[in-house]
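Enquirer: Listed below, chain by chain, are the residues.
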Amino acid sequence: MPRFSSKQYQSRVLVAMAIYTAFMLLVWPWVGKTPSMPLKALLALAATLPVLYVIAQMARLIRNSDELERHTHLVALSTATAVVGALTFIGGFLAAAGVVKLDGSTLLLVYPAVVLCYGAVRWRLVRSYGGNALCEETGIRPYLYLVLFGVVLMAVALLYPGRLDDARRSFLYGAAAAMIAFGGVPMARLWYRRKYRHD
Amino acid sequence: MNNLIRELRGERGWSQAELAQQLDVSRQTINAIETGKYDPSLPLAFKIARLFGMPIEMIFAPGEE
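Protein sequence lines, in the order shown, are assigned to chains A and B. For the first sequence, this note's numbering begins at 13 and goes up steadily by one. For the second sequence, this note's numbering begins at 83 and goes up steadily by one.
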């Protein structure tokens, strides 16, 4: 059976993120206006489905990895869990003591923080083994799609400013900037390697 | 740990990607093993030895502590 590749993983994550973005833009604004509590809960939980799908795909990627890849994934994940766990613990105590004000929506930052920390640690770890976590066996295409998706989101935010409220406009700018950065950097590196190093 | 994988692969005219495919691992894992940056597990070391048709102790040798 062929291995579940990084390329397949990235394609699926991209589709899930597109669905998540569409949901946040089109459906999420209605959640606050919905009087029915069960419907509100249903819509709130529906927003998590694409992210839960991404987590499942990540588990599949790790399960189908070889021993070195699995080692780097697990070390990066455990480091990220420890770092974010420590930060939330500190933040929790500061909030409980009334030093800082944190509302429930702060919890939405936990998963992105884990992913960012995991990505940084794995990038460093894979480099220490002589590899490249950003560009391994994926090719340019997934990164190109990510950049294009970011450009489309940015265009929507710029072309329809009047039709978007502050929350949706901020979400669009943030998502677009992240996609262009996370797609553009590895794409540029791959392009450079192919053009000048031929490896 | 030192190993002769790069030499044995070269003798057979295999690329890192071809060896990786035969061992069902990634090319980067082969590269890490060849450069001594990663020591394979015993099951993978036995798989490598079986593929090259040699005893495991002829391919892998303990490096400097």
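Don't take every hint at face value.
To be verified - Using C-beta positions, here's what the derived DEER-type ranges look like: (1) Ala99(B) <-> Pro47(A): 17 to 27 Å; (2) Leu124(B) <-> Ala109(A): 46 to 56 Å; (3) Ala59(A) <-> Ile138(B): 46 to 56 Å; (4) Val122(A) <-> Ala99(B): 37 to 47 Å; (5) Pro137(B) <-> Thr118(A): 54 to 64 Å; (6) Thr46(A) <-> Ala99(B): 32 to 42 Å; (7) Ser97(B) <-> Val163(A): 47 to 57 Å; (8) Gly145(B) <-> Asp115(A): 46 to 56 Å; (9) Ala109(A) <-> Ser97(B): 57 to 67 Å.
Read the hints as simulated data drawn from the structure, not as lab findings. Think of the CB as a built atom: it goes at the ideal place given N, C-alpha and C, for glycine as much as any other residue.
Enquirer: Does each hint hold? Answer for all of them.
Expert: The hints, checked one at a time:
1. For Ala99(B) and Pro47(A), the hinted distance range of 17 to 27 Å is not satisfied, since their beta carbons lie about 59 Å from each other.
2. Distance hint check: the CB atoms of Leu124(B) and Ala109(A) are about 51 Å apart, consistent with the given range 46 to 56 Å.
3. For the hinted restraint 46 to 56 Å between Ala59(A) and Ile138(B), the CB-CB distance of approximately 52 Å keeps it satisfied.
4. One distance hint, 37 to 47 Å for the beta-carbon pair Val122(A) and Ala99(B), holds here, with the actual separation near 38 Å.
5. About 58 Å separates the C-beta atoms of Pro137(B) and Thr118(A), a value consistent with the hinted range of 54 to 64 Å.
6. Taking 32 to 42 Å as the suggested C-beta distance range, the pair Thr46(A) and Ala99(B) does not conform, at roughly 53 Å.
7. Between Ser97(B) and Val163(A) the beta carbons are some 37 Å apart, a value that contradicts the proposed interval 47 to 57 Å.
8. In this structure the supplied range 46 to 56 Å holds for Gly145(B) paired with Asp115(A), their Cβ-Cβ distance being about 55 Å.
9. Roughly 60 Å separates the CB atoms of Ala109(A) and Ser97(B), a value that falls within the hinted 57 to 67 Å.
The earlier numbered hints that this structure contradicts are 1, 6, 7.
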